[in-house]
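J.: So the sequence lines, in the order shown, correspond to chains C and H. If you count by the working numbering, then the first sequence holds residues 1 to 305, one letter each, in order. If you count by the working numbering, then the second sequence holds residues 1001 to 1464, one letter each, in order.
Hints may contain errors.
What the hints assert, rightly or not - Computed far set for chain C versus chain H, every beta-carbon distance over 12 Å:
1. Leu45
2. Leu83
3. Met111
4. Val121
5. Tyr146
6. Gly195
7. Phe282
8. Val287
To be verified - According to the in silico footprint, chain H covers these stretches of chain C (three or more CB under 8 Å from chain H):
9. 51–61
10. 231–240
11. 249–259
To be clear, the hints were calculated from the coordinates, so they are not data collected in a lab. On a predicted model such as this, the values are computed, not experimentally measured, just so you know. Virtual Cβ for every residue (Gly too), placed ideally from N, Cα, C.
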Amino acid sequence: MEIFLQQLINGITLGSIYGLIAIGYTMVFGIIGMVNFAHGDVFMLSAFIALILFLALTQLIGITSLALAFVVVLFASMALTSLWSFIIERIAYRRLRGSFRLAPLISAIGMSIFLSNLVYVLQGPRNKALPPAFTEVIKVTHGGGYDVTLSLKQVLIVGVTAVLLGGFWFLVQKTSFGRAQRACEQDSRMAALLGIDVDRTISLTFVIGAALAAVAGVLYIIYYGVINSGDGFVPGVKAFTAAVLGGVGSLPGAVLGGLLIGLIETFWAAYFSSDYKDVAAFSILAVTLIFLPSGLFGRPDVEKV
Amino acid sequence: MQGSAQPVSSLSSRDTSRSSRFRAALIEAAKAGAIMFGLAFPILAWRTDLNFSNELFLRSRWPAVFAAALAAFVIRFMLAAWPRRAAKTVTAKAGAPPHALTMAARLAGGAGIAALIAFPLVMLAAFGPAGAQKWIDNFGVQILLYVLLGWGLNIVVGLAGLLDLGYVAFYAVGAYAYALLSTTWGWSFWLCLPVAGALAALWGVALGLPVLRLRGDYLAIVTLAFGEIIRIVLTNWTALTNGDAGINSIPRISFFGWPFVAGPHGFAALFGLKYAPVHRLIFLFYLVLALALLVNFLTLRLRRLPLGRAFEALREDEIACRSLGIDTVATKLTAFALGASIAGMAGALFAARQNFVSPTSFTFMESATILALVVLGGSGSQLGVALAAIGVIGGSELLRELDGLKAIFGDGFDPTQYRMLIVGVAMVAMMNWKPRGLIAIRKPSIFLVKAKPVVGALAQEGHG
């Protein structure tokens, strides 16, 4: 029971990170119907940006307050990653709308290869580790010779995720951008006819998706403490799995899917085999796409001729 | 819609005076420079390095950041200040007649094949038996293996239009089939080659059956997932595959039973030659070449068969295909199995070349490289894929050879790490510029040679 509780805590933490990345996939898929294959690498890039900024703040400027550094890094990383995503959309995807069916996906794969190799070239092949931060641990309960702990990191991750998801929900549901975004998602041609700047809305969608991925990147580097230029791929695929599981295009679905994937992965690693934990996520992806392509909350994909 | 160039061009059409155009160009260029500075700011400005006590520290590279920003500024300024004339409206060019294209392609193909057949002998003459090894192995055999893989994937992606991101899984199945069958049961290479192809095709069908009704990009992601699953299983099923350590001492290829060894029973003794290790490589080269040419021949023939036409119809419009009564699932499965079997045979050849297989040879990056060959060469174009393989694989091998670059960029400079970076950029550029690939001349497999007279009298007899 204590092990179960501990894994539940770990799984929710991991799931929050996946959920944040999954929103980027699901929004972009909803609005232009493409799998943004480079999104996982944008996430990896943001973790690197966070790592470098954190080192710059603590070593070069000499900020001693960890909380202040965290807040500065979080917002700076969101802004810089958004800029990257904005430019990526401009260069790699915008002109391909209306090109042949597979062109945007192939371009996105090229962009993904470019990003991971760019970071590899610029930052080197080794794992880069952040000095341990937010290591305080709270003991929740004790039983059977096993302590159930909740670390400050985990509280921080779940807390930041919850606050940002609240803000994000407000943005999509209550603001004019959110209305435009939802309109473009339903029918972009009709939205354009009604005077919505579709290009700008799509750009902003990429920017917001990247900002949330950047939050995930900052939380990831704090949680695991290590990042490598190849680390965008597997979390990216898992977050995409989360988006698919929740129903592509559905925002609550993406968050719930992320939590589910995080929980499944954690429990799989705890009770079965940690060697095969990635197989669990990949299998869920395949099984969901084959048997439940519209996911838990998605609209069924109606093919119109 | 047209990106950031639009405000400048519309401004310049209203007011053509040079100064205002330059001012607008300067503003655009300043924006580009600022954006580049923002992109380069943390990731290029500081490199994270480990010091002796294993802690990260930052090494600054500010000159590079300013250089990048300046480059963006200058390039953007040039583009904005001297805009190219508006792109001419694309008129449907009357292409060269099919016969001329056929002739040109045949000539190029014939010359290419002649050059390939002569390649090992030329290398042997130029570098001697010891010096030629590197060239025949790294350039010849390796590039041909990629050509083979590219042509195999071309059937799936180029002809049938199914984006397979896990193609390397079938390559792995073939390589491990030969590795395991030859080391545990002592099967010969010649027996293993078809078995590897058949096993890979079987896997193709098994994996393809559930996923082939998915739409294009979902299919891509699921094949990617399957590819990764196979790699993870190969890594972790240590009892069978020996995990990351891989399988060693896979038997080397033999000349139809005569091994390439020194001694009375070897290949050299059989032909009265002096033993040299390069013989094995030359034989392997011709073997891969023969298989590649066979695959090429079959693919070109396939395009004229109803099956091949069904592939291409499927690529263009699946719904139309289905309404014309083509069994889309069976057609897709055939394409998948054909492509997989070619990858399987290439895998067996790969294992025979390396004498060693491990899961690290079958990562997603490998799939992406093969896909890049197809995408860059021109989906569906055999010659294009071959040229892309020579360019991408041969190019990166050449980079490895260029020690002179180290003198310019310093000792730590490793040109090969730029290979995938360039491939990624090339894929994005290709999709923007020529989405159908570099050589997009796909000759129609069916066309009218001569207009046939259609008159009522003939039609009645059934000739029209």
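J.: In terms of beta carbon proximity below 8 Å, does the segment 249–259 of chain C have 3 or more residues touching chain H?
T.: violated (count 0)
J.: Please check whether the beta-carbon of Val287(C) is more than 12 Å away from every beta-carbon in chain H.
T.: 9 Å, violated
J.: Can we trust that Val121(C) is non-interface, i.e. its beta-carbon lies farther than 12 Å from all of chain H?
T.: Nearest chain H Cβ is 6 Å from Val121(C), so the label is violated.
J.: Find the nearest Cβ of chain H to the Cβ of Leu45(C) and say whether that gap is larger than 12 Å.
T.: 7 Å, violated
J.: Taking the shortest Cβ-to-Cβ distance between Phe282(C) and chain H, state whether it exceeds 12 Å.
T.: Check fails; 4 Å does not lie beyond 12 Å.
J.: Closest CB-CB distance from Tyr146(C) to chain H, is it above 12 Å?
T.: 27 Å, holds
J.: Within the segment 51–61 of chain C, is the number of residues with a Cβ closer than 8 Å to a Cβ of chain H three or more?
T.: It holds: at least three residues are needed, and the segment 51–61 of chain C offers 7 whose Cβ sits within less than 8 Å of chain H.
J.: For Met111(C), is the shortest CB-to-CB distance to chain H above 12 Å, so the non-interface label stands?
T.: Violated: least Cβ distance 6 Å, not greater than 12 Å.
J.: Do three or more residues from the segment 231–240 of chain C put their C-beta atoms closer than 8 Å to C-beta atoms of chain H?
T.: Our answer is that it holds, as 3 residues pass the Cβ test (under 8 Å) against chain H, meeting three.
J.: In terms of Cβ atoms, is chain H entirely out of 12 Å range of Gly195(C)?
T.: 15 Å, holds
J.: Confirm or reject: Leu83(C) is not an interface residue toward chain H, with every Cβ-Cβ distance exceeding 12 Å.
T.: Incorrect as stated: the minimum Cβ-Cβ distance to chain H is 5 Å, not above 12 Å.
Consistency with the previously given hints fails for numbers 1, 2, 3, 4, 7, 8 and 11, ordered from lowest to highest.
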